[in-house]
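Peer 1: Position chain E against the provided structure of chain H, taking the given hints into account.
Protein chains in written order, with our numbering: chain H, 3 to 322; chain E, 121 to 491.
I should point out that these hints are in silico values taken from the structure, not numbers from a laboratory. Treat the hints with care, as some may be off.
Ranges of calculated distance between the beta carbons of each label pair, as one might list FRET restraints [unchecked claim]: (1) P256(H) - R367(E): 51 to 61 Å; (2) T206(E) - P256(H): 51 to 61 Å; (3) G240(E) - D115(H): 25 to 35 Å; (4) K182(H) - S169(E): 35 to 45 Å; (5) S248(H) - S169(E): 49 to 59 Å; (6) K89(H) - A342(E): 37 to 47 Å; (7) K89(H) - G264(E): 31 to 41 Å; (8) D115(H) - E250(E): 27 to 37 Å; (9) D115(H) - S169(E): 49 to 59 Å; (10) S244(E) - K182(H): 55 to 65 Å.
For lysine-lysine, the following DSSO-like pairs were computed, each having C-alpha atoms within a straight-line distance of at most 30 Å [as the list claims (entries may be wrong)]: (11) K87(H) - K420(E); (12) K252(E) - K35(H); (13) K281(E) - K89(H); (14) K420(E) - K89(H); (15) K34(H) - K252(E).
No experiment lies behind these values; they were computed from the predicted model shown. The beta carbon of each residue, even a glycine, is placed where N, CA and C say it ideally should be.
This is what each chain is made of:
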Amino acid sequence: MTDKIPVTVLTGYLGAGKTTLLNRILTEPHGKKYAVIVNEFGEIGIDNELVVGADEEVFEMNNGCICCTVRGDLIRILDGLMKRKGKFDAIIVETTGLADPAPVAQTFFMDQDVSDTARLDAVVTVADAKWLSDRLKDAPEAKNQIAFADVIILNKIDLVTPEQLDEVEARIRAINPYAKVHRTQNCAIPIAEVLDRKAFDLDRIIELEPDFLEEGHHHHHDEDMQSVSVAIDGEVDPEKFMPWISNLTQVEGPNILRCKGIVAFPNEPKRFVFQGVHMILDGDVQGEWKPGEKHTSKVVFIGRDLNEKAIREGFLACAA
Amino acid sequence: MIRKAYPGAQEVLLHDLALPFIPATMLWRTPPEGIASMSTGTAPSLTQSIAPVAAGAHVTAIGWLKGTAAFGLGDGGVLLAKDGETHRLEAHPDAGILVGASDGERFVTGGDDGRVAVTGPDGSTRTLAEAKGAWIDSLALSAGGAFAYASGKRVFARDDKGREKMLEVPSTARGLAFAPKGYRLAISHYNGATLWFPNVEAKPEVLDWKGSHLDVTWSPDARFVVTSMQENALHGWRLIPDKGHMRMSGYPSKTRSFSWSHDGKWLATSGAEAAIIWPFESKEGPMGKAPRECGVRPAKVSRVAFHPNTLVLAVAYEDGCILLIRLADASELLVRAAVAGSGVTAMAWDKGGKRLAFGCEDGQAGILTLP
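Bound-form chain H, shown alone:
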């Protein structure tokens, strides 16, 4: 479905510059109309016609899965917005500084009415270059927002030295090496780097390469949040892989924030691509392997207290 309304989720710790980025997006001469869902009307006004206040009500689904939470208010608001279809081209959801992005993202997979009409485009996190390192120490929410992000706007770079900037980016990388990081001042960034990323579309997951620092390749290790990636130089057996990935996300779901993978099955001309949020997995065969292309398989997990050894051994045991 191409006519689903794209939804961009904007997160970031208090004071990082979310509203600055939002206003920058809205005032660019793109000729598009946005519906903006905000959770608190801050001091900075929002320069847009259609602004909706939300209550950030996180609901558990009655399906026995403790991490299957959704944003009830978002379901209600999207239902209302669909009655005004044609009045806007895309939706931007700004969360509060203390919000966990997972319930927002899960709403797009758990609620049929929402997933029929809207698609999650990307989670964009704005981070304060000066204060992020401190927040990563004392605020689990800030860490969640970095771990969850598809795009990270490392903002207020004018307030730190180049060394400090490399340091904080290395910290980000230690948690989430797969997000696209942009260094900005006043959130000055081309809008195309933020919107219409299609980060949750399976057909856009064509490669999983960490976005390493260009210079000063520090090695950092975050105490409790990390990414684990495992590659097999060949194909995996679907009879082994499917039960393994399904069981891993069921058992470790609360700790796995995001996962992605591209794997090769024997006698399957297409790649099997998957991505997930906590326990929710979305996967399909996508895009043929090119003639002569090496069939390789790779999985990536970002989460809290992940057992890297068990994940590595589990995946390697799926080799065909």
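Peer 2: Frame of chain H; chain E shown alone:
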């Protein structure tokens, strides 16, 4: 075509409409491609009895003001239609109507401009209440002239004398419904529902059930309160004698439309590829009983509306089709054939049951007048 036989279905026949109902299997519901504009030929249908109404925007609610149909629209307008003439009012200028209700005298609408507006059959419209910065997406009218609306967690009830009371519930109020008699309001929200006498100091009664409750309805005999839930199920509480719980599940999607039969014995619901109709004639409600499934089609039912004085149900679908189904024998009549992109979003009978107004997501609408 799957047809299930349900014991007991024949017993509930009371009155009937003198219409040419025939068994469903003979009905030509979706004309083949290319001949959609042709007459439906020998297939019995009421399609010729529809007067189309160009509503022009997503129809969110319909009310009847005596002989006038009022269509509440997603672009903020209210379209009044009577005897082939239409008149548009800007009830919510530059906004959208999210919800509407009617008591036969007035059409009350809630909008994303935070206003509750009231429109009369004479074309007058005015603001009834205002909640700055909020959306009004639930409201209810009582037969006695009271109304209630919700803005976030706060629920406001105003009686027929204009006295307004406010109650704050634990999470956003999603659905409101007045008890059939007396000034009492049911409010659905996360983890249950609250029953409130706005003009009584007593603490509101809380009906617990874990999960997110959407719409709420009260049975005409006031014995049952039923909610629809996020998890594609209904939950019911038997208020008399014992607050027993009822769980009605098996829906492939959410139920967003309820309708009680005029005798209160049946509750028709949307959300499946048939109208799901639960028996409530016994004291136990539908406990242990299977629902009836009428109008099985390869499209989800979006709206249901029981005829106001016979056991005939109007069933509307997400693909735009509308059927009239007689409960006695499940026979069907075509009101509207499927129209691509024109899912039915609102439907209402007039008080006498002579006319059925409907409106769709693409702004098409119409009024069926029974022959």
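Peer 1: Evaluate each hint against the coordinates.
Peer 2: Results for each hint:
For the pair P256(H) and R367(E), the supplied restraint of 51 to 61 Å is violated, since their beta-carbon distance comes to about 27 Å. Between T206(E) and P256(H) the beta carbon distance is about 56 Å. The supplied range of 51 to 61 Å therefore holds. Between G240(E) and D115(H) the C-beta distance comes to about 33 Å, which sits within the given range of 25 to 35 Å. The given range of 35 to 45 Å is broken by K182(H) and S169(E), whose C-beta atoms sit roughly 59 Å from each other.
About 54 Å separates the C-beta atoms of S248(H) and S169(E), a value consistent with the hinted range of 49 to 59 Å. For K89(H) paired with A342(E), a C-beta distance near 41 Å keeps the hint of 37 to 47 Å intact. Under the hint 31 to 41 Å, the C-beta atoms of K89(H) and G264(E), about 37 Å apart, fit the expected range. At roughly 29 Å, the beta carbons of D115(H) and E250(E) sit within the given window of 27 to 37 Å.
The given range of 49 to 59 Å is broken by D115(H) and S169(E), whose C-beta atoms sit roughly 32 Å from each other. Our hint of 55 to 65 Å for S244(E) and K182(H) holds, since their Cβ atoms are close to 56 Å apart. For the hint linking K87(H) to K420(E), the alpha-carbon distance of about 21 Å falls within 30 Å, and the restraint holds. Simply put, K252(E) and K35(H) have alpha-carbon atoms about 23 Å apart, close enough for the 30 Å limit, and the pair holds.
As the CA atoms of K281(E) and K89(H) are separated by approximately 39 Å, the hinted pair breaks the 30 Å bound. Annotation: proposed proximity of K420(E) to K89(H) holds, straight-line Cα distance about 26 Å (limit 30 Å). Taking the CA atoms of K34(H) and K252(E), the gap is about 27 Å. The hint holds against a cut of 30 Å.
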